[in-house]
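*Asks:* Next come the chains, spelled out residue by residue.
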Amino acid sequence: MNSKNSEKLSKIKQLVSKYGIALILVGMVILMTILKPQSFPSAKNILNILNQSAIVGIMALGMTIVIISKGIDLSVGSVLALAGVVAASLSQTSAASIKVFESLGQQPIFVAILAALAVGAAAGAISGGLIAFTGIPAFISTLGMMTIARGIVFLYTQGQPVSKLSDGMLFFGSNVFEVIPVPVIVYGIMIIITAIILGYTRFGKSVYAIGGNINAAEVSGIKVKRNIVLIYIFAGVTAALASILFTGRVASVHPGSATGYELTVIAATTIGGTSHSGGIGTVWGAVVGTLILSVLTNGFTLLGIDPYWQQIVQGMIIVGAVVLDMRKNAKKA
Amino acid sequence: MSDIEYILEATNIVKKFPGVDALKGVDLRVKKGEILGLVGENGAGKSTLMKCIIGIHPPTSGEIKFDGRQLNKFSTSDALSMGISYIQQELSPIEYRPIMENIWVGREPRNRFGLVDHKQMYEDTKELLLSIGMDEDPKMLVRDLTVAKQQMIEIAKAVSYDAKLIIMDEPTSALSGSEITELFSIMRKIKQEGKSIIYISHKLDEIYTITDRVVVLRDGEFIGAKAIDEIDVNQMIEMMVGRKVTDLFPKVKCEICDVKLEVQNLSSGKEFQDVSFDVREGEILGIAGLVGSGRTALIETIFGIRKRTAGHVFIDGQEVNIKSPADAIANGMAFLTEDRRLNGIFPMLSVKTNIIVANLNNLINKTGLLNTKLVNMKSLEYIDAIQIKTPSQDQLVMNLSGGNQQKVLVGRWLMTEPEILFLDEPTRGIDVGTKSEIHRLISQLAGQGKSIVMVSSELPEILGMSDRVVVLSQGKLTGILENSDELTQEIVMQYATNNMS
Chain L
1 MNSKNSEKLS
11 KIKQLVSKYG
21 IALILVGMVI
31 LMTILKPQSF
41 PSAKNILNIL
51 NQSAIVGIMA
61 LGMTIVIISK
71 GIDLSVGSVL
81 ALAGVVAASL
91 SQTSAASIKV
101 FESLGQQPIF
111 VAILAALAVG
121 AAAGAISGGL
131 IAFTGIPAFI
141 STLGMMTIAR
151 GIVFLYTQGQ
161 PVSKLSDGML
171 FFGSNVFEVI
181 PVPVIVYGIM
191 IIITAIILGY
201 TRFGKSVYAI
211 GGNINAAEVS
221 GIKVKRNIVL
231 IYIFAGVTAA
241 LASILFTGRV
251 ASVHPGSATG
261 YELTVIAATT
271 IGGTSHSGGI
281 GTVWGAVVGT
291 LILSVLTNGF
301 TLLGIDPYWQ
311 QIVQGMIIVG
321 AVVLDMRKNA
331 KKA
Chain P
1 MSDIEYILEA
11 TNIVKKFPGV
21 DALKGVDLRV
31 KKGEILGLVG
41 ENGAGKSTLM
51 KCIIGIHPPT
61 SGEIKFDGRQ
71 LNKFSTSDAL
81 SMGISYIQQE
91 LSPIEYRPIM
101 ENIWVGREPR
111 NRFGLVDHKQ
121 MYEDTKELLL
131 SIGMDEDPKM
141 LVRDLTVAKQ
151 QMIEIAKAVS
161 YDAKLIIMDE
171 PTSALSGSEI
181 TELFSIMRKI
191 KQEGKSIIYI
201 SHKLDEIYTI
211 TDRVVVLRDG
221 EFIGAKAIDE
231 IDVNQMIEMM
241 VGRKVTDLFP
251 KVKCEICDVK
261 LEVQNLSSGK
271 EFQDVSFDVR
281 EGEILGIAGL
291 VGSGRTALIE
301 TIFGIRKRTA
311 GHVFIDGQEV
321 NIKSPADAIA
331 NGMAFLTEDR
341 RLNGIFPMLS
351 VKTNIIVANL
361 NNLINKTGLL
371 NTKLVNMKSL
381 EYIDAIQIKT
391 PSQDQLVMNL
401 SGGNQQKVLV
411 GRWLMTEPEI
421 LFLDEPTRGI
431 DVGTKSEIHR
441 LISQLAGQGK
451 SIVMVSSELP
461 EILGMSDRVV
471 VLSQGKLTGI
481 LENSDELTQE
491 IVMQYATNNM
501 S
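Heads up: the protein sequence lines correspond to chains L and P, in order. First residue of the first sequence: 1, per this note's numbering; consecutive thereafter. First residue of the second sequence: 1, per this note's numbering; consecutive thereafter.
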């Protein structure tokens, strides 16, 4: 009896260590369902949570790849704003009283999207290039990019919000079939794409190798520098994609938009079990980490708890998640 | 096509690092289908030469021909794709990834969509592992393997490149007897396929068992090449160590008195077992052995850095229980670490701060603040006493030469007024001139009655400095030798390789 019990216990322990962070999400969902059986588990609320997750969630996918490679990207919030104002400026209607480009007629939506993606990729290429070719730490390179990109946003918009956007752009903030938010669909597609990149391409395997042991990666013939540039381009592109959803949703991009988003994104990634020592992390972790933050916000709102508490709890979850992971990954003696 | 006999021809390879000539015009030829042993002392340039051939360090000058082709600027990935693979001395696994991804990283099999084919990778790995006698699950994380198994994975990886030349840099340092036998049978199989192996090892019995020919390097120079059946152990060791012991070691004969430190049956896990010796006041005790013999672990254990798993330590006849470096310091011990950059100096701080940092408690005044007057006086006193060459005591330590940095560390420890000093490779990477100054300093300290325990890879240093020599081999004490004129490097080497024929 006793041995059976202890066997059961060790099985539970294994389960907890393997799915630890997902179990916390499940626990939160169960708790909320018990506390708010009417409002929390409704389809509308769940879609709302997913919709709220999409922007941070997409950037967390990029951040996961960056952090697995033992890097960091502080610039994603500013890059979102920059890509956002560029996309918005190219999709202003003639009804706008303040236009970034006075004489520019309304552009097809794909022009705005491509321009945003190009901005994101370029910012990532510069950050990644600096890291790979000058050897400066990712923290510094992306801190520089964060500040520079924000400066360009203000210069570009002259400090004015960019509004009166075309229907094509507003589509990204709307629902298809009246129910499913477009951001949720985009998020879903990006999860699948990132999971494939990370799990099933040589690039993905190289990311783990570079973060896990850069010396081994080099000796195995991996082109480390080129891969580092690609990693930051990917992160920049996720910020640009997020910027389209952001622009579609808010319909008017303020130059100060998305300030501090990078920290939320890093928090979501970290809670999801991606290790800052490199070489460890999964796409599913990034999704779970993002959802934990969204359910937390949603739950606090539904329960009517002072939103300031949310920050305190969020901070505790970040630290707790990392302590948990360190213990899980500690070398077996 | 006259050069077809050789797979690799490296001619007149020179490699200069800032301040060091690591290779001074070395020739290395490897025939097709031979196992070539490469031997030499630590610092002879073996690993540097290999790194030139694999493209990690481009040589400063010289010519490398592989498979009849002249190699100019080339990268590691070029070398790999041409058919040279390299098993590094230090293991470098990607710990949190499965075995199969470690083996195929950067060249994973892909399906027709260009995606990584995990099933194929799994099958290939399974087959590869079986071919070298392993049956681990390819999906196992490398971190969950023993060091020996990790080493075998590296070997599997090298084999999987289908290389024409495999370089093995001390591959057996972590392997057990049966695993070594397994490795040798793999090596013979590779050789039968007409491929070549460069085999670097300190274990001369292995060199005799497996190689066809041996090349000896010393001090970055080519000393000779011999067929293995035309050279005996003594000749080989003589070629390796060669140089005469000169007055590089100004040993002052010291008054040797009572036993200061006694170690009985000391063990620390797998590092070393059942080691006993003693050190007297005023004595310099050398500890010799090959890399991995447990030399450093031994003194680290006495000093409380590593956990002692068995045995006793006595100071002045009293048993002491040292559990941490703080305990050791309180018992009058000091420890000069092997890697001063990693564990010793604070490069961005001044000479003064570096000297006083281990002794702050004795330099504060009544208010608990540092007594700057006393600090300046003390630091100048030690700079003077051990002749540290620095323009001022406020100079940053990073601006001093390696030898003077080492002296700063000696000064730091002397200020704690220790009675027993452990020195781990005290002159590694230090130029010859400063070396003898450090040696003179060590002699002086012994002359003052301090007990010195010195670990060194350099046999001339051991023989030039020590009163007695403790020799370790693979974690076991193989001899405590009185240092007399009859004691030669050859004898110490035989104890160190545990080859006392």
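It is worth saying that the hints were derived from the structure and are not from the lab. Each hint should be verified, as a subset may be incorrect.
[Stated by the list, open to error] Taking lysine-lysine pairs in the DSSO-like style, the calculated list, with each CA pair at most 27 Å apart, reads:
#1 L:K223 / P:K373
#2 L:K70 / P:K16
#3 L:K223 / P:K164
#4 L:K11 / P:K476
#5 L:K223 / P:K65
#6 L:K225 / P:K389
#7 L:K8 / P:K149
#8 P:K389 / P:K373
#9 P:K226 / L:K223
#10 L:K223 / P:K389
#11 L:K328 / P:K149
#12 P:K139 / L:K328
#13 P:K51 / L:K223
*Asks:* Provide an ascending list of the numbers of those earlier hints which the structure does not satisfy.
*Replies:* 1, 2, 4, 6, 7, 9 and 10
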